[in-house]
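A.B. asks: Using the hints, position chains B and C against chain A.
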Amino acid sequence: MTYSFFDLMRSRWSLVYFGFYFLLGMVLLFLNNDVSKAVITMMNIIVVLTPLIGTIFGVMYYYNSKEFTELLLAQPLRRSTIFLGQYFGLALSLAGSLVFGLGIPFAIYGIVGSGALVSFILLLAVGALLTFIFVALAYNIGLSNDNKIKGFGLAILLWLFLAVIYDGMFLISLVMFDDYPIDKFSLIASMLNPIDLSRILIILELDISVLLGYTGAVFQKFFGTSFGMLASFGLLLIWCAAPVALIVHKAKRKDF
Amino acid sequence: MLRAILILFLLPMVCLGKTINVCSSCQFISIQKAISVADSGDLVLVKAGTYAEHDITIDRPISLKAEGDVVIDGEKKSYIIKVESDHVSISGFKLKNVGISFTKDFAAIYLHKVEHFLIEDCTLEAVYFGMLIEKSSHGMIRNNTVSSEGTEEVTSGNGIHLWHCDNVQVDGNHLFHLRDGVYFEFVKESTVTNNLSENNFRYGLHFMFSNNDVYTDNTFRDNGAGVAVMFSKFIEMKRNTFIKNWGSASYGLLLKEIYDAEIINNEFIENTIAINVEGSTRVNYKHNTLKANGWAVKIAGACYANVFEENNFSSNAFDVSYNSKINDNRFSGNYWSEYTGYDLDKDGTGDVPYRPVKLFSYVVNRTPETIVLLRSLFVDIINFSEKVSPVFTPDELVDNAPKMKLIP
Amino acid sequence: MISVETLHKSFGKLTVLDGLDLSIDEGGIFVILGPNGSGKTTLIKSILGMVVPDKGNIAIDGKPVLKEWQYRGNIDYLPQIANFPSNLTVAELLKLVKQLRDRPTRDQELIELFGLEPFLEKKLGHLSGGTKQKVNIVLTFMFNSDLIILDEPTSGLDPIALLHLKELILKEKEAGKTVLITTHIMSFVEEMADEIVFLLDGKIYFKGTVNELQQKTEQQDLEHAIAQILKTEHV
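Chains as they are written, first to last, in the working numbering: chain A, 1360 to 1615; chain B, 528 to 935; chain C, 4 to 238.
I should point out that these hints are in silico values taken from the structure, not numbers from a laboratory.
Any given hint could be a false lead.
[To be verified] Computed, partial: chain A to chain B, Cβ under 7 Å:
hint : residue
1    : T1400
2    : V1407
3    : L1408
4    : A1522
5    : V1523
6    : L1533
7    : D1537
8    : P1540
9    : I1541
10   : D1542
11   : M1550
12   : L1551
13   : N1552
14   : I1562
15   : E1564
Model, not experiment: these values are computed from the prediction.
Beta carbons: idealized from backbone N, C-alpha and C, even for Gly.
If we strip away everything but chain A, and leave its shape as in the complex, we get (with noise of 0.2 Å):
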């Protein structure tokens, strides 16, 4: 774990992708001139990117650092020990990018005190959690795949999968099942995909004027009370310690 971390923070990688965010957050600001406005446009790019970048980082270090690993397993160290240390070496070392690359300029630019602190600390939290998410599924993905170009592609596929196509095929069932009663549907469609999660997470304190438009009676318990955000918060650390119970679960039977 503290190797991992210590390697990470090290690796070039690790702040490009923290200036990546440090230049994404200042440009945003600097375009918008609105602290609210970016940070709509700030839950775009987080709901999308953290999890393809969790994904990729996540089987590339996996892959890079096989060999390491193997040396780890010779050593007096527990199976779980050593997987879980990489993991949240690389989660926290992604999530700490995610989140002081976005925070300094937004701190910088005056977000403490604006109207929108909650709804920015609310989005990097949702931030974390994805790469958290993302890493255990590509962490997954790497255990079960010794090839390491599958790997890559089941990765790239999961997200692709996640972030676009399954929102195609929802959208796709929703409107042509419209005659049948379809709002419990479309809640639990939105609960098993973690991007759609996070999604109704932040959209629930971004948006909430036009969540409350809907008539249903389970949108408006969802939607209407404090249980819509709750329920996706523990659902969303659910989808997090699933994954990285696999993880262990996985790694206990693996042959390297």
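C.D. replies: Just chains B and C now, with coordinates in the frame of chain A:
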């Protein structure tokens, strides 16, 4: 001008008459008794205390004034004060517990066929209707607080209810927990200014069949359905704030069958629908700020020759939503926070037109559940493709001169 | 020292270890031989817990080791391919691995022996294959464990380094340690091995000294002896 005339009318009444005191140790212990002996122009001065009276009828031109904390408790029986004479002023009372009936519109203060009235600095609590004013004119209602204990729309009345009136001013009142904060039906040439109307079950302000009225500088907050202006002509709406009117059928401002109105310098913040327009013609929207609403402008059916100029559309989920492909309204020179064009000649106006109607708003109109996909990448993609080649949205609906920066 | 009972392992349809039994006594140099794919590395990795066997038991000093991890504190392992995180310097890597085991090390002595001082502050990604292998050797030997497992230790080494390595191994043997080696270099085997374990098709085909093997196959040198085994087996 109106105010000056009013003062001219009222001054003589206060100055010239005699004063009749009402208190527990005075000659009169009943307000009604004191009124019945008063002559025109007298002042009935009620001293601090609680008076359990209802149906107090003012049938002659007098001033009824409270000195100190005067509470008139209607004991939920009927009206509290009925005014049947011109030139009456009522000020400083606390009226509470109006009767509740499903057949009669009991009110704390009821005016019928009177002119030149003044109601000021009164606190009306636990009312059914606050002030019910019928067929009256040239009046002033100012700095009152009206609230009810009703728990739902059907068991509550309106705060200030005007029916068939003209030349009435409603200024600086605070209205809450009512059905409608202010209700105008067949009211002409009247003004509603500087009021705060909040947490009402239905509308903060409600206009029906009322022409040539003005409402300015009011704040409407957290009302069941915002402000409704229906079947009216020549209404001026300026410098009002519409904020957080949330709910499934809720909007900041509802316009229905409105002709020739001016909507200028208003602020719409965090409403489910900021402006909902049905069948309105020749309405000018200028210098309004629409920020963080679900739908900034939702246009449904038969709206012609409306003009949207120099408004700020900031961070709304949907800027403009249309349910038809026909457009006869003009958008020009507005600021749109979602505008992504450029300004090469640096004149402050974007060089590429902006299309304020998104494809997704159509999808949501059709299948409301799809709202959970708001701001998803896939939705952005379909919006983008629609923007490039419009199929579902009116292709002439564009702002050809979108502003690059927020209009101050 | 090490006892392996009925060890089974297959990767998919491919059976690599098929009921392998082996016991290795304490002290001495044991060389595991066998054609490619005979299960040498799998056997070693099973002992190290890197491969999870399908069936069977492994015990070291009488204690079962499957699913355990503390026992690895007394094993030194030299992996076949030495590939380290390229962002770390040699010194950092050494420090890091040292942190993992709380015991005295002799890395300084080994660094001098293999002449690694000039590379200490270099990043691992910038080192040549041979230098990496030297670092690998330093990492392996610095802990002074009782059991030393070397998987193809000679690859990429220059003659001087090879010489040092041999000396090192012999010294360990003298110190009464058990050394387990896989290799394909027969001269190395002849020179070093106290005992040979010959794996074939996931089983022990032969276990004994070099001389015994030569007698059994009636061949004069080891290379031919091995070839003889493979021939007779596959005809």
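A.B. asks: Could you work out which of the previously given hints the structure breaks and list their numbers from low to high?
C.D. replies: Checked against the structure, the hints that fail are numbers 1, 3, 8, 11, 12, 13 and 15, while the rest are satisfied.
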